[in-house]
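Participant: Using the hints provided, position chain B relative to the given structure of chain A.
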Amino acid sequence: MNKLAKRAWFAYFLAAAMLVGVLVIVVRYVVNGPDWMPFQNDGVIVDRSGTVLMDNTDGRTLADDATVRASMLQILGDNEGYITPYLLNEYGDELAGFNRISGTRHMGGGEGRMTLTLSAYVQRAALNALNGQHGTVGVYNYKTGEILCMVSSPTYDPWTVPDVAGNPEQYNGVYVNRFLHSAYAPGSTFKLVTAAAALERISDIEDRTFYCEGSARIGSETVICNGVHGTISFRQALCQSCNVAFAQIADELGADVLTNYAERFGITDSLSFDGFITKKGNFDLSEATAYEAAWAGVGQYTDQINPCQYMTFLGAIANGGQAATPYLVDKVTFGSKTKYEAKTEMGDKILSASAADTLAEMMHYNVVNNYGEWYFSGLYAGAKSGTAERGEGLTSNALLTGFVQSEDYPLAFVVVIEGGGAGSTACTPVIRQVLDACVVAMGS
Amino acid sequence: MLPDFFETLNSYFQTDGRGFAEVFCAVWCYLAPVLGVLILWRCAKPLLRFRREPETWAWLVMPDGQQLPVTHWENIIGRGRGCDIVVNLSTVSRNHAVLTRYDDGSWSLTDIGSRGAVSVNGKTVDICALQYGDVISLGGVEMVLAPTTAEEVEEQKYYRTRPAAIASPGLTLTILTVFQLLTALQFWMNGKEDAISTVVLGFMAVIGLEWLLFMALKIMRRSSFEVETLAFFLSTIGLSVIASSAPTEVTKQLICIAGGIFIYLVIGWSMRDLNRAKRFRYLAAVAGLLLLAANLVLGREINGAKNWIQIGSMSFQPSELVKLCFLYVGASTMDRIVTKRNMLSFIIYSAAICGCLALMNDFGTALIFFVALVVICLMRSGSFSALALLGTVVCCGVLLLLVIDIPPHVLRRFSTWGHAWEDPLNGGYDQVKAMTCIASGGLFGLGAGNGAFRYYVMAADTDYVFAFVCEEWGLILGLLPVLAIILLGVFVARSAAIGRSSFYTIGACAAVAIMMTQTILNVFGTMDILPMTGVTFPFVSNGGSSMLSSWGLLAFIKAADTRQNASFAVRTAKAEEVEPYE
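Which chain is which? The protein sequence lines are A and B, in order.
First residue of the first sequence? That's 1033 in the numbering used here, and the numbers climb one at a time after it.
First residue of the second sequence? That's 6 in the numbering used here, and the numbers climb one at a time after it.
Excised from the complex, chain A in its bound form (with noise of 0.2 Å):
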């Protein structure tokens, strides 16, 4: 019996290995509760003036205006389950009015109401102004991080769900957010990484002249222009898009430069808030000839960035090299209680004051010379645009990025038009209308 006592023992160690699970579940409550509560359809989820886009509390209705109702279809999510909606996911607590004690049950009642910086005035400006092209806008403001504009292009009324499977040209990607889950190639909208390398690393850039005759030898190819620019300035290469400039300016800098400053700028990396992750951008020169990082730094090679993303590099050149982080909540209540609120976080100095207030002017020069201060709203504005080629047969993708400077209206921006040709011509009557939209959301 001696023996059979001690072998008993095995049964302590299976109470012991309950216990310590037991424990783990108590301690993954504690810590992981929260995160076990996605959205369940609970709640009201308002915009920045409390115009309601989603209603849960008597089965769920949408925004009223079928424009806006599209507008939110990748941010809020489908009926038939194809989208995740990852912003009500994460506050699916909140807006369940959920705590550790007592979990979701409520003696008094209550109801969760969650508040978008995004303005429906300002969604369907976007959406009507993409006019069925393909493509995004995103609006946000550098100082604060509050986001007035995010609309993906296509999309549909989830209230009239289209056919989406037979018309795969017409829906396709309907269900990807492009400006928060794509990447696209950024064409010249990127020699604003080389500008502000080069206005940090090259100190005489700003007194230098370049000599385009449409075409020049970068290792042993050749880079063609768009032009012949003849004797350029530094100012002038940014305004004409001046490839052969710009390609000097990125073999001067370097691989090794080059890649430093996209990294520091976060174009390989993701922006997290709300629940989102942000698709991260592609630049890798590891393999790349002098040829390869020359292109690269004018926005060609394997170049890609994800709109939000390079948004807040255009927050930083506006905001002396330093943007706050973008969100999209501002606050959840439940009942009387706040549950949550935004807190503005600045991101990481990446830009030097005296760069990215050159870059910044340089910016707004091309606006004054080459877009139209007319399509700015009559507002301080500096933007750089892009036409990024997508292969053999296919129009080129448009770009426009930039930025206002003003007290009232600190925002920048990107509009991508997937197949919309020349990037200042596809864009900037879109950015004109959205703009407009701002400054009467603002202002309300």
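These are calculated hints, taken from the structure and not from any lab test.
We put the beta carbon where it would ideally sit given N, CA and C, even for glycine.
Some clues are possibly wrong.
Unchecked claim - Beta-carbon label-pair distances, calculated as ranges:
#: 1; chain 1: B; residue 1: L14; chain 2: A; residue 2: K1038; range: 55 to 61 Å
#: 2; chain 1: B; residue 1: Y163; chain 2: A; residue 2: Y1044; range: 27 to 33 Å
#: 3; chain 1: B; residue 1: R417; chain 2: A; residue 2: A1049; range: 22 to 28 Å
#: 4; chain 1: A; residue 1: Y1044; chain 2: B; residue 2: I224; range: 34 to 40 Å
#: 5; chain 1: B; residue 1: M209; chain 2: A; residue 2: Y1044; range: 36 to 42 Å
#: 6; chain 1: A; residue 1: Y1044; chain 2: B; residue 2: G87; range: 14 to 20 Å
#: 7; chain 1: A; residue 1: T1089; chain 2: B; residue 2: I224; range: 58 to 64 Å
#: 8; chain 1: A; residue 1: G1352; chain 2: B; residue 2: H424; range: 41 to 47 Å
#: 9; chain 1: A; residue 1: V1062; chain 2: B; residue 2: Y107; range: 51 to 57 Å
#: 10; chain 1: A; residue 1: D1090; chain 2: B; residue 2: I260; range: 41 to 47 Å
#: 11; chain 1: A; residue 1: D1195; chain 2: B; residue 2: G423; range: 24 to 30 Å
#: 12; chain 1: A; residue 1: D1090; chain 2: B; residue 2: G423; range: 55 to 61 Å
#: 13; chain 1: A; residue 1: K1038; chain 2: B; residue 2: A134; range: 25 to 31 Å
#: 14; chain 1: A; residue 1: V1062; chain 2: B; residue 2: A155; range: 55 to 61 Å
Said to hold, decoys possible - In silico DSS-like links for lysine-lysine, alpha-carbon gap of 30 Å or less:
#: 15; chain 1: B; residue 1: K50; chain 2: A; residue 2: K1038
#: 16; chain 1: A; residue 1: K1038; chain 2: B; residue 2: K283
#: 17; chain 1: B; residue 1: K128; chain 2: B; residue 2: K283
#: 18; chain 1: A; residue 1: K1312; chain 2: A; residue 2: K1381
#: 19; chain 1: B; residue 1: K162; chain 2: A; residue 2: K1038
Facilitator: For chain B alone, coordinates are given in the frame of chain A:
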């Protein structure tokens, strides 16, 4: 008539009486865990605090006059350090003989394959009844069996029967009854109108069953009711789960609780007398094989595992009852454990069971049997048979893994294990929903009948019942059943040291190992701490076969209870109080 009354009152609580119902539910959600903790604590105290110092049943007087205490009913005498009575002389074998005491106070001596042979009063014997004063010779070393004195008997009796050893089980059962009445009341107030009378009457029936059993055991002069109270507590929570998820199955579950109690009493009665128990073993062995054979012939395949038999509208899982048969065959008295023939027959029997299970393709059940087999082998393996047995176990395990064609849904569970939240819509769906519902319940729950988990997950009231309980009753009460099973495990481990017979100890250890393993797999599978294997939580999960086997396992655990008048499986103290022979 009565159902009408129930329904009328139910609709009153839904309308004019709503305010009262809400206040009641708000109070009850906090009161329920308090009562639960109280019940568990009152059961835990006596189970964890009983006296378990060795008792001396006789003395062995050595040639030099030294007296060795005989502290068990089954004692191995030998030179080995692990023996109960160590005689460290070179002519004595490592494990020489077994000295056994019986219910009536008589003794016997069995040679267990010693080199030096055993003789009593000069005659060489294999097995021999022993009287006090007989001269025993082990390999030439002579000793005499001497009785304990009247004083020693009195002292031991005092310790065994002192009042503090057993806390009033009637009061604990009364608290449980209050718990059950209030649960029924909450269903009455909040429940859906259909089947409300079935649910309320169901709880009344459980109350009736537990008091009937309590009275019956009282009449048999049994004074402890802790393990039964725990079982009824868990069954009550299980009943509330069914009342919420499938009210029409309440009656079925009740019948199975009653059936379980019957099995519990039959097994208990069979083990009251070790000779009867040994006869029962053969019956159990045959029954186990027949059940599995019937399963293989008549069985229906559900989810890739062929472990169900359909009889009329009832479906039934024979493998649950085979667990009990397996324990019966695995348990053995000390004088037989160490003989080779017995080992061989057990090994052959295990192999037959494993073969059937492999054919049935039921991964969860196979795992449970494997654990039971390992524990039985661990307990039985003496010094020389250890190798053979453990070898068999490993072979069986490998064989199972090789032969069982793990169904794709099980493989998928393994592949998502630990990553449920990375795949919340497919592989991890059930676990993610389980955790969401647990969080939703908080510490005190949404109230019995108010959960949503049952709408999301198919096996909500069986494989994922832990989440079900947590959502409706809260995390505190959800963890109490787990703690109750832990309590049974510790109790069995503590009892092993003073077990009357290795038969009881092996049976109890294997039974509690099965319960603990099932609980571990069920709870930690739900929480994505372990892969989901789809086994039931003893007493709590919805399932008739599982309920029957849970009560059967409880009988094995109860049989290990050696406290005075505690277990019906051990005879009343009359024989123990017999006057010392002089």
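Participant: Are the hints correct? Go through all of them and say.
Facilitator: For each hint, the structure was consulted:
1. L14(B) to K1038(A): 55 to 61 Å: With Cβ atoms ~58 Å apart, the hint holds.
2. Y163(B) to Y1044(A): 27 to 33 Å: At roughly 29 Å between Cβ atoms, Y1044(A) and Y163(B) fall inside 27 to 33 Å, so the hint holds.
3. R417(B) to A1049(A): 22 to 28 Å: 26 Å, holds
4. Y1044(A) to I224(B): 34 to 40 Å: 35 Å, holds
5. M209(B) to Y1044(A): 36 to 42 Å: About 39 Å separates the Cβ atoms of M209(B) and Y1044(A), which means 36 to 42 Å holds.
6. Y1044(A) to G87(B): 14 to 20 Å: Holds, since Y1044(A) and G87(B) (Cβ atoms, about 19 Å apart) stay within the stated range.
7. T1089(A) to I224(B): 58 to 64 Å: 60 Å, holds
8. G1352(A) to H424(B): 41 to 47 Å: 44 Å, holds
9. V1062(A) to Y107(B): 51 to 57 Å: Check passed, 55 Å falls within 51 to 57 Å.
10. D1090(A) to I260(B): 41 to 47 Å: Check passed, 42 Å falls within 41 to 47 Å.
11. D1195(A) to G423(B): 24 to 30 Å: The hint (24 to 30 Å, Cβ to Cβ) is violated, given that D1195(A) and G423(B) are roughly 40 Å apart.
12. D1090(A) to G423(B): 55 to 61 Å: 39 Å, violated
13. K1038(A) to A134(B): 25 to 31 Å: 30 Å, holds
14. V1062(A) to A155(B): 55 to 61 Å: This hint holds: roughly 59 Å between Cβ atoms.
15. K50(B) to K1038(A): Roughly 23 Å between the alpha carbons, so the hint for K50(B) and K1038(A) holds.
16. K1038(A) to K283(B): With Cα atoms ~25 Å apart, K1038(A) and K283(B) stay inside 30 Å; holds.
17. K128(B) to K283(B): 28 Å, holds
18. K1312(A) to K1381(A): 20 Å, holds
19. K162(B) to K1038(A): 26 Å, holds
Going down the numbered hints, you'll see the structure goes against 11 and 12, while the others check out.
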